[in-house]
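A.B. asks: Read off the chains here:
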Amino acid sequence: MRHAAALRLSRLAEPLVEAIIRLCGWSAIFFVFAIFFFVFREGAPMLFGALDLGEFFTSVNWRPDSRIQAQYGVLALLAGTASVTALAMLLSVPAGLGAAIFVSEFCPPRVRETLKIVIELLAAIPSVVWGFIGYMVLNPVLIAVTGAPIGINILNGGIILALMSVPIIMSVGEDALKAVPDTYREAAIALGASRWQVVYKVLLPAAKNGLLAAALLGIGRSVGETMAVLMATGHAVQIPHSLLDPVRTLTATIAAELGETVEGGDHYRVLFVIGTLLMLMAFLVNLTADLVVKGVRGKQNG
Amino acid sequence: MTGTETAPSDRYSISVEDLCLWYADFQALKHVSVDIREGLVTGLIGPSGCGKTTFLRSLNRLNERYGNVKTTGTVRILGKNIYDADVSLGELRKAVGMVFQRPNPLPVSIYENIVFGLRVHAGARALTRRQLDELVELSLTEVALWDDVKDVLHRRATHLTLEQQQKLCIARLLPLKPSVILMDEPCSALDAEGTAAIERLMDGLRGRYTIVIVTHNMAQARRTSDECIFMLLGELVEHGPTVNVFLRPTRKETEMYVEGRYG
Ligand SMILES: Nc1ncnc2c1ncn2[C@@H]1O[C@H](COP(=O)(O)OP(=O)(O)O)[C@@H](O)[C@H]1O
Ligand SMILES: [Mg+2]
Numbered sequence: 001m002r003h004a005a006a007l008r009l010s011r012l013a014e015p016l017v018e019a020i021i022r023l024c025g026w027s028a029i030f031f032v033f034a035i036f037f038f039v040f041r042e043g044a045p046m047l048f049g050a051l052d053l054g055e056f057f058t059s060v061n062w063r064p065d066s067r068i069q070a071q072y073g074v075l076a077l078l079a080g081t082a083s084v085t086a087l088a089m090l091l092s093v094p095a096g097l098g099a100a101i102f103v104s105e106f107c108p109p110r111v112r113e114t115l116k117i118v119i120e121l122l123a124a125i126p127s128v129v130w131g132f133i134g135y136m137v138l139n140p141v142l143i144a145v146t147g148a149p150i151g152i153n154i155l156n157g158g159i160i161l162a163l164m165s166v167p168i169i170m171s172v173g174e175d176a177l178k179a180v181p182d183t184y185r186e187a188a189i190a191l192g193a194s195r196w197q198v199v200y201k202v203l204l205p206a207a208k209n210g211l212l213a214a215a216l217l218g219i220g221r222s223v224g225e226t227m228a229v230l231m232a233t234g235h236a237v238q239i240p241h242s243l244l245d246p247v248r249t250l251t252a253t254i255a256a257e258l259g260e261t262v263e264g265g266d267h268y269r270v271l272f273v274i275g276t277l278l279m280l281m282a283f284l285v286n287l288t289a290d291l292v293v294k295g296v297r298g299k300q301n302g
Numbered sequence: 001m002t003g004t005e006t007a008p009s010d011r012y013s014i015s016v017e018d019l020c021l022w023y024a025d026f027q028a029l030k031h032v033s034v035d036i037r038e039g040l041v042t043g044l045i046g047p048s049g050c051g052k053t054t055f056l057r058s059l060n061r062l063n064e065r066y067g068n069v070k071t072t073g074t075v076r077i078l079g080k081n082i083y084d085a086d087v088s089l090g091e092l093r094k095a096v097g098m099v100f101q102r103p104n105p106l107p108v109s110i111y112e113n114i115v116f117g118l119r120v121h122a123g124a125r126a127l128t129r130r131q132l133d134e135l136v137e138l139s140l141t142e143v144a145l146w147d148d149v150k151d152v153l154h155r156r157a158t159h160l161t162l163e164q165q166q167k168l169c170i171a172r173l174l175p176l177k178p179s180v181i182l183m184d185e186p187c188s189a190l191d192a193e194g195t196a197a198i199e200r201l202m203d204g205l206r207g208r209y210t211i212v213i214v215t216h217n218m219a220q221a222r223r224t225s226d227e228c229i230f231m232l233l234g235e236l237v238e239h240g241p242t243v244n245v246f247l248r249p250t251r252k253e254t255e256m257y258v259e260g261r262y263g
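Protein chains in written order, with this note's numbering: chain A, 1 to 302; chain B, 1 to 263.
Treat the hints as calculated values from the structure; they're not laboratory data.
Just so it is clear, CB atoms sit at the ideal spot from N, CA and C, and this is done for glycine as well.
Careful: at least some of the hints might be erroneous.
To be verified - To be clear about the criterion: a stretch of chain B counts as covered by chain A if any three or more of its residues have a C-beta under 8 angstroms from a C-beta of chain A, and this derived list gives those stretches:
no., segment
1, 62-70
2, 87-96
3, 103-112
4, 165-176
Claimed, not checked - Sample of chain B residues at the chain A side, in silico, Cβ under 7 angstroms:
no., residue
5, F116
6, G117
7, V120
8, H121
If we strip away everything but chain B, and leave its shape as in the complex, we get (with noise of 0.2 angstroms):
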């Protein structure tokens, strides 16, 4: 389930099929099928409560943490069903980071929050005190943070400022080198700046990692996708390069969406 194992003939890095999910007794997604390109950013868009959260919470399997869900269909990541028995969680969230709506540092150092997937994943063990600081030194660097904070280190990560703590919650998910990264809506948290912030960070991603960006801003949409999907009511409905969705929308409910009549 590692990046590294990927075929580079593999073009889709996420194949979905057939995906419906449950939450008890209200279906949130009905037979979502795609399939997302790897190395590029797809945007995720539709009005509230269509399904976006749900659908990328589906792609590493954090929607069961509710007791009351039940999913079919097939999600193939790196050329594996997700949803077969023989797969480890662990695993396959290793291998699928996800960023969150607001940021969620852990109430540890930023030095522990760098380091907590690799101690999780029992890696921190087979890395000398040396190799942990300079990956924690590459990954604040990566997300343009190391100058901020490689004084303060070891200062609990929860006084950083929130676009400080969102690019913190996106440089602890590199030292497990992910293949794919889920981004739920990263910058409603943050202001104009923060939000351009993050924007460069994923500029500076894309290539080396398949994003999936679910967002409400359009812009936003336009500006750092490559391929976008429109969702309504828990279906795809539309799927193509960004561009495409946003001038040439094959679909009714996009085109309307899109020049915001509704959402």
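Only chain A is shown next, with the shape it has when bound in the complex (with noise of 0.2 angstroms):
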């Protein structure tokens, strides 16, 4: 009796775990356009509106609250996000493809697990805790390293992003690496090659679109962070002509301007039309990942 009780339950119980399952996955994939729409939406009206896409795109000159002439120009903020996130992952990708091969590679088991937490936990440190690090204590170290007036720039907000980085590219990495089957590893071992050998002679090229996969999530991770970059790159809106210069990123702009805005108003309505642009740049990013993911898949099943 009880057994065919508990029969009928999970004959019921079966199919409402798949439904709310089911509903899980559709409601995230809800979710992330319903926000695109949203932030798409509020900046509209603007994009089609009285916004002169050619001078957004193309002019140096931010001055949302200009009080003769409003100037919504993006060039010097993309020019701030790029410069931040290109020396980011001139920094991030060698060091967290560096620890990935480490890691899965060279290191005994019992280091490896603990490396793994540490690096995990690096992962877990909330944004603004960076930006604070960033600010409190590499402003000052890089004042006295480089004798720059003030250390709160490019090169301040690169490595506090490309320490952001590391853990994402090294545990992805990893991943990649661990991926390669290990009958590569001992037919190169038996035919003579060397530790280094065997990386770079067959895991590199085996697992080569994991990494490069590894290293776009690390850039979609920079592109994206907002909090971080607010504090340690300082907040002039320039073309940066070195490293030592401020710069402001797209996503600090939004978050330092948009509690200023009027609502409906233009001002804040670029700032979504700027939020458009960085999802957009996020979302290919993305894309650009997975499909060499996939890539890799199709071939190796091909």
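Two chains, two frames, some hints: make the complex.
C.D. replies: So this is what it looks like as structure tokens:
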């Protein structure tokens, strides 16, 4: 009797659980689109209205609250995002991939577990804390080391962003290396290859798409990061000429200015256009990463 | 450590003395001593888990990949104990090639698979493109693969059939001029036709290389090997000419195994 009841229950519960899981999956997709739609809707009147897209992309003049004539040129902001992200990637891709190779190929198992925990902890630090570290710790260090008048600049933001991206790059990169069948390693070792030769003659070519995806995800993280760069890069809207110049990024601009705008005003709407632009950029980076990963699978199966 | 340095009077290619091996606390090889003749095919038989793969992999020190392995005893190959501290693993593995249970071509082109060993040992730089091409043709011809793949040399090796892949895995050892070739159940992933092809190929290599082949297949051991080693629970039970091991075994366990009563 009890058995039959339990069976009936499980027969009822199963479709229910399935429905809940399905709902979760669909709602995730729904929310992404809803967010995009909302951001786009807030920006749209300006995007299709008063905003001069030519000026938007090519002008360095960002003067949203000018009384005489407001100007909305994001070129300097784009340059800010690009320079900080580029520096961050220059630092974090070699460091992250190097760490991935070390952890997956050279590290004794016990050290590996400890290292992974430390790195994952690094990933769990909220970005405000990173910004704080940039502002309070790295700032004086950079002033002392470089002699620049202020240490809140591209270099600071790049280093902080790199520290934030390394955990992602490392863990995705490590997965990519782990996915390389061990038989490849054995084949190479049995032919006399040293550990390093195995890495650069076999693993890097075999895992290159996964490693590329790791780097792209790191870029995605850098492009989208707000609080840390807001606090660590200074606040100057300008095309930078050196690593020690302060800049302003797209994300930092939204975070810093949205609170002061009038809802529905031009400035408010332009910030949402920037938001739309950022979402498109993030989407593109992720899509590329995805296609790259799929590319490997397709090739391996085919 | 290269084949050309061998003294012709040296009749044994591999001399194992009192070899013991532990995976952590588990002893997988127990005091194995055996002399393996140069230029012959030696079959290695025994029930699953008796240590055949372990023994084979201790001949090119591949077991050391796993961190928890301890080995004692000596293995002399071409007159030198390969467990001496001054032995170069690269040179050892150049002289002692290995073919695995599942074909494992590298995920590069057929051509690059063949010259991989040369590149690893910096031998490729001393050779011209022409010489490399010739070596590739020679190696592939040796394993009867040249006609099949001569037009697709730059295609990825992982697209070949399993039989072709296993032939390639044998062919890629040859440019390094090994003196010993270890084979761990090289046909277990192949069909009857592939098995026959690999066996023909081994016949062609006989005499020029010392071959040690692990096999589960009694008929294959009888067909291919000149001498046979029977192992049980990590110990060497019997070693002798294949006909003797199969027809006149000296030990009860061997007799029971070759008659198929366990395994
Ligand atoms: N990497 C390893 N770690 C621990 N034990 C192992 C390992 N490889 C093999 N063994 C054990 O050693 C014994 C011999 O294994 P193996 O040499 O693979 O046998 P065979 O090839 O004859 O089937 C088995 O009991 C197996 O469980
Ligand atoms: Mg085995």
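A.B. asks: Next, verify each hint and record whether it holds.
C.D. replies: Results of checking the hints against the structure:
1. Counting residues of the segment 62-70 of chain B whose CB falls under 8 angstroms from any CB of chain A gives 3; the rule of at least 3 is met.
2. Counting residues of the segment 87-96 of chain B whose CB falls under 8 angstroms from any CB of chain A gives 6; the rule of at least 3 is met.
3. Here's how the segment 103-112 of chain B fares: 5 of its residues keep a CB closer than 8 angstroms to some CB of chain A, so the rule of at least three is met and the hint holds.
4. Counting residues of the segment 165-176 of chain B whose CB lies closer than 8 angstroms to any CB of chain A gives 4, so the stated coverage by that chain holds, three being the minimum.
5. About 6 angstroms separates the beta-carbon of B:F116 from the nearest beta-carbon of chain A, less than 7 angstroms, and the hint is met.
6. Taking 7 angstroms as the C-beta contact cut-off toward chain A, the hint placing B:G117 at the interface holds, the least distance being around 4 angstroms.
7. At a threshold of 7 angstroms, the smallest CB-CB gap from B:V120 to chain A is about 5 angstroms, leaving the interface hint in force.
8. A least Cβ separation of about 6 angstroms between B:H121 and chain A falls short of the 7 angstroms threshold, and the interface hint therefore holds.
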